[in-house]
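Please model the complete structure; the sequences and the hints are all you need to start from.
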Amino acid sequence: MDEQHSRPLKTALVAGPPSSLPTDYGTFTLRSYTFNGITHVAMTLGELADSEASLVRMHSECLTGDVLGSHRCDCGDQLTASLEAIASAGTGILLYLRGQEGRGIGLENKLRAYALQDTQGLDTVEANVALGLPEDARDYHAAAQMLTHLGCTRIRLLSSNPAKSDALTQLGIEVVGRLNLQLPDRPENSAYLQSKRSRMNHDVPNGHPDVDHSMSLDVYRTIATNDEVLAQLAQSEDGFIATRSGDAMFVSGALDRRHLHCIRAAVGAVMVGAGTVVADDPQLTVRAVEGENPVRVILDPRARIPRDSKVLQSGDAPTIWLVGAATEVEDPLAEHVKIVRLPSTSAQRVDPHAVIAVLREHIQGSILVEGGGQTVSEFLAAGALDRLFLTTAPVLIGDGVPGIRFEGSDKMSKALRYPFRRYVFGQDVCTEYVLSAAARKHSAQTPAQIREVQEQEPSMG
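So in UniProt numbering, spot 443 of the sequence shown is number 443, and the numbers just go up one at a time.
None of these hints come from the bench; they were simulated from the model. Fair warning: this is a prediction, and the values are worked out from it, not measured in the lab. By construction, the Cβ of each residue, glycine as well, lies at the ideal position given by its N, Cα and C atoms. Be aware that one or more of the hints could be misleading.
Computed cross-link-like contacts, DMTMM-like style, restricted to lysine to aspartate or glutamate with a CA-CA straight-line distance of at most 20 Å [unchecked claim]:
#1 K441 / D218
#2 K310 / E330
#3 K414 / D118
#4 K414 / E188
#5 K310 / D281
#6 K414 / E378
#7 K338 / E361
#8 K338 / D308
#9 K310 / E292
#10 K441 / E188
#11 K310 / E335
#12 K411 / D118
#13 K441 / D227
#14 K310 / D280
Cβ pair distances, simulated, as ranges [claimed, not checked]:
#15 G383 / E108: 32 to 38 Å
#16 D166 / D410: 47 to 53 Å
#17 E407 / Q170: 56 to 62 Å
#18 G398 / Q427: 17 to 23 Å
#19 D50 / A415: 55 to 61 Å
#20 R244 / D410: 24 to 30 Å
Have a look at this one:
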């Protein structure tokens, strides 16, 4: 038995009188419980005696997440979703356990751990260890006694953390089921949550791409319902999108290519530079999934793409040919092709913001900048992107056509860092960088759905 959960109790539990607490989720009964000098709170809803196994959320205090609205963790989202779940069930308990900030290390140490994560790139576990603190210092004696006082020693636990279930079981509470609140990762907390899943055995949500490579990701709906500018690129581990001969068939695998087609199906337009058309002669249509073909946009100020290119010859999708203000284009063109003139400029390269402004006069919905590496890099460096999907494939090309490249800085402290999420598509890893404030707002979805996790006997392996 874990020493933390087997040590003798120091003091008795002191219960306060019940009072009424009207909330957005219903009217709860509120009661204080003081144990070892710390006062906790129990919120109960409905007639607990009528339930064979009450629904219980054992929630650790988190000032930053619960009160200040932090997106670094999922605590605030879990608290809200738990209250919604209890309200939906009609009966249940929320134990708000104070003194457990930062998995029990306290508010000051939690903020010190945040600083280490920001400056040294440590994850949530590594930061605690670097401070000489335990990964998880929480104690659940008070929670077990509170449940006993409430007459609820047989429960269903709302938690993605199996350690909580184990701790309560050791303290005499029968946990007959554990329910995982199905909350999508936020861009700001995805790395934190993945650390807890990989290092602390937390559940992975049903439908998460790390589990089943789902092609029904929330981000596709987000892209489809907002007007964003996003980019997608697949490159080798050493940063190339093709060999030195231009061969790019294929850098990433089938699941990542299907992911690309899901994005195409969600946007109003897909744009590539002239170099991509010259090298690959792409179709830029939706073929791997169901959906309508987006408008094809060819960024070609000098009108240098071949006239027999698929985008100019195939009428599968409307095509906008973006050419310079004074560039001559020979007639005739197919009916699906429309010439749109770029603004006059004395610069060698067209301003990405000017390109987007021109396209917004002709296109509704999100715009996908699909390639090549130079075009995507220019839009990224100009701050013209809301979102970037960068897939890394486990292959080393050594020399070839470069992927993301832009003028960097001599200081690591000035390197570009953005909120991100990661998806595993077969052998490939796709990192979604959420670049703009608008995209971060669009991505903040927290539906309160739950699924039950079947408890299993621990493995002896």
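Right, here's what the structure says about each hint:
{"no.": "1", "hint": "K441 / D218", "in the structure": "holds (13 Å)"}
{"no.": "2", "hint": "K310 / E330", "in the structure": "holds (17 Å)"}
{"no.": "3", "hint": "K414 / D118", "in the structure": "holds (13 Å)"}
{"no.": "4", "hint": "K414 / E188", "in the structure": "holds (19 Å)"}
{"no.": "5", "hint": "K310 / D281", "in the structure": "holds (6 Å)"}
{"no.": "6", "hint": "K414 / E378", "in the structure": "holds (18 Å)"}
{"no.": "7", "hint": "K338 / E361", "in the structure": "holds (13 Å)"}
{"no.": "8", "hint": "K338 / D308", "in the structure": "holds (16 Å)"}
{"no.": "9", "hint": "K310 / E292", "in the structure": "holds (18 Å)"}
{"no.": "10", "hint": "K441 / E188", "in the structure": "holds (11 Å)"}
{"no.": "11", "hint": "K310 / E335", "in the structure": "holds (14 Å)"}
{"no.": "12", "hint": "K411 / D118", "in the structure": "holds (15 Å)"}
{"no.": "13", "hint": "K441 / D227", "in the structure": "holds (13 Å)"}
{"no.": "14", "hint": "K310 / D280", "in the structure": "holds (10 Å)"}
{"no.": "15", "hint": "G383 / E108: 32 to 38 Å", "in the structure": "holds (36 Å)"}
{"no.": "16", "hint": "D166 / D410: 47 to 53 Å", "in the structure": "holds (49 Å)"}
{"no.": "17", "hint": "E407 / Q170: 56 to 62 Å", "in the structure": "holds (57 Å)"}
{"no.": "18", "hint": "G398 / Q427: 17 to 23 Å", "in the structure": "holds (19 Å)"}
{"no.": "19", "hint": "D50 / A415: 55 to 61 Å", "in the structure": "holds (57 Å)"}
{"no.": "20", "hint": "R244 / D410: 24 to 30 Å", "in the structure": "holds (29 Å)"}
When the structure is compared with the earlier hints, no violation turns up for any of them.
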